[in-house]
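S.K.: Can you make the complete structure from the sequences, with help from the hints?
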Amino acid sequence: MKSRLATLALTTALTLPGLALARPVTLTTTLNSYGGDGAYLALYVTDASGAYVGSLWMAGDKSRYYEHLSAWYAATGGDPAQINGITGASVGAGRTLQITLDLADSLFDAGYTLHIDAAVEDMRDSPNEIAVPLTAAGAGTPVQGRRYISSFVYQ
Amino acid sequence: MIRALHRWPGLVALILVTVLALSGAALSVFPLAERLTAQQPVAGQSVADLAARVAAAHPGLEEIRRSPSGTITAWWFDGGTPGSAVIDPATGANVGSADPNQMERWLTNLHRSLFLDDAGRLVMAAGAAAMLVLALSGAVLVARRTGGWRRWFARLRGPLAGRLHVELARVAVLGLALSAATALWMTASTFDLLPDGALRPADPAAVSGQMAFPLEQMAALQDVPVNTLRKLSFPYAGDAQDMFTLSTDAGTGLIDQGTGGLLSWADLTPWQQVSETIYMLHTGQGAAVLGLVLGLIALIVPVMGVTGALIWAAGRRGRPRLRDNAPASRAQTVILVGSEGGSTWGFAATLARALRGAGQAVHVAPMLAFDPTRYPKAERFLILAATYGEGDAPASAKGFLDRLARMAPTAPLAVLGFGDRSFPAFCAFAAKVEAAARAKGWAVLLPMDTVDRQSPQDFARWGRALGQAIGVTLELDRQPARPVAASLTLVSRRDYGEAVQAPTAILRFALPRATLWARLTGRGFARFQAGDLLGILPEGSTVPRFYSLASGRRDGFVEIVVKKHPGGLCSGQLLALEPGDAVQAFLRRNPGFHAGRGRAPLILIGAGTGIGPLAGIIRANTRRRPVHLVFGMRHADSDFLYGEDLTTWQAEGRLTQLSTAVSRGARPHYVQDALRAEAAQVAEAIRKGARIMVCGGRDMAQGVAQALDDILAPMGLTPAMLKAGGRYVEDVY
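Protein chains in written order, with numbering that gives the first Met the number 0: chain A, 0 to 154; chain B, 0 to 732.
Hints listed in this document are in silico derivations from the structure and should not be mistaken for laboratory results.
From a predicted model like this one, the values you see are computed outputs, not experimental measurements.
The C-beta atom is built at its ideal place from N, Cα and C for all residues, glycine as well.
Possibly wrong hints are sitting among the right ones.
Unchecked claim - Just a sample of chain A residues kept apart from chain B, beta carbon distances all over 10 Å, derived:
#	residue
1	Thr29
2	Thr45
3	Tyr51
4	Ala73
5	Asn83
6	Leu100
7	Phe107
What the hints assert, rightly or not - Covered, in the sense of this in silico footprint (three residues per stretch, anywhere, with C-beta under 8 Å from a C-beta of chain A), are these stretches of chain B:
#	segment
8	99–108
9	187–201
M.R.: Next up, the structure:
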């Protein structure tokens, strides 16, 4: 899982019309040693009003467990089209998930928020484990999650 | 077919299924342990009450869960740090760590996926499928072996590995089938092959926007008893639009945090309910005792695997490679084999070798491939047939009777049955073959004969008769793997019967020294009891003769009773022994003719040398089990074997009653007559569960069976019924 690199063609929702300029962004999510099985993580973006915009990555490949990523599930209804082609394996305790993707410039400093929902078998579901505003200034600043994520950083 | 369906998944999946079973058995302990350590529930407590108590003790409460065993766990996020603990529902206070048990997690991952994620899950699912196929095909085989589904728990006989395999199987098969079938269902569910996903309650059009309604007054939680709770998730701190999510064993609902009212609800779907029940049955989560029972049953699997592999290996060993098998088209003699475990093939190979030695072109084939048109040159068919269960065709003879009925006779045939006389259906299949062949008009080369318990003597005798019939000399020297013989030294002998022209002797040999290995494994002379067999190898012959033992290991000597047969090689040598002389001998167990444990009365019936094992049983009866001995002799002054000992044993309480029958004299009297004379008493003992053991010549045994027929009839019983229940056993020669 360490240093998984992926360059993604983003879902149309994230490539806003007329703003084709995009830059590669690396998202690094490190889990703490919470003592359970591999965590499911959903990375997605909401706009200034809190409305769902699109998904960036889904760590975990069994759709029957997606309901435990409850905020993401509530926003998408578990729609598989939202994560088509951007799904990977779940992330073990203490491991790091690193993904690199092209994010439109227009997503930064425009009120968008990056969320991570986390869920672990037989442990508490943790929606909004991370909720961090996407800003140019915030890049490179690690954020701590609530329960399973020891640090998250985008740059 | 069923057998192949049982054998191959068994051998291929042996290790996989063993890993599944052992890890499953280990996992089965956890639900019970959890249930035993779970906090006492508070009678009649509502979720509202529980939530209020927990929330009071834990600021930032995020979630409360109740496991099927009743353990309540809380999760909170307070002051920037997450926390979790097991909760006492009465106080809301922490009573223990909520961290997952690492051992259980490790075992679970091994059990369901070999730590290999989806690939491992599929491998383990294949293991479960193999287990299911094994359980179902095994059940059919058990029913076939015991003679039908209704006789599922009938007494078993035969070699230890096979018996143990079936004994365990009939206890375990239901549990194993349940575990395997539920495992497959769970795998299908994991891979989204079943429509058992949860329904989400509909999002409400609007929420109150209020916060901090007192938990204990929430209407939607007040009516929910704690013992139906699965999970209560709290709204996100500070988010007025968020809601409580309540999951119970009936469904999932959303609750307004400002009013405590239910906003929407979704029931569990029927598929979900089925899946949850199956999950409970498989894991024991919520059914701890059932889980533990299934776990214990799973422990049987490795034993079944090992015994199953042993049965398979024994079958393979017993089936020799056919060398110099003449092509079917040129064969003069065709040997057809009907074998279940494979031992009959060994006899067929010996027969084929002997016939080849006599210049014959011999073709050996399984009975199931029988087609007389394939053998244009055949001069005779020799059919060697074992019997499966209660007279069924053995594996390599399936469909033979149907084929026989369709084919026109070509050459004369002879049938030799293989079996175990202690079974009620001794050589029944061979008899069916013989009857069918005669009915169809096949010429009979030799009347049907039988080989009891792979007796080399029986086989050699039949071989001589066959040789005479076809005009060659046939010496069939069939040597089943014979244990290493030990040298036994005669200690003393007591002679009887000279006066009635039946020289008989009780021969007592010193116990040979057992090696440490033999003692540890209970092999050879390290462990034996009256009723087991002593194989004697007479000088000048490699074919052993078997004598029933009249002593057990505890007696400290080896004793047999031998009567001199005119011209008998072995009995002649034995009766010529003087103290200090030695013979070569080995031990063969005969568990079918042991007295067994228990307090039920014994009725021992024997004549002549047949008293040997019976005397040994009486001598070993220190627990004073009621024993009635019926003994037939020729003349009380001449061949009253063990006469003085019997008096002593009666005085010591080892023998309760002695009836004798004397056949020489003015009024000849046989054991069956003695039995009839005491019919009422015998019937009473049988009513009390008595076990009948008969040892002696075949004629005597037949007479006894007829007498018992008459005695049992008024009770609505038959000797066959007693035999089937293991209460009527014979050692006949």
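S.K.: Checked against the structure, which of the hints given earlier come out wrong?
M.R.: 4
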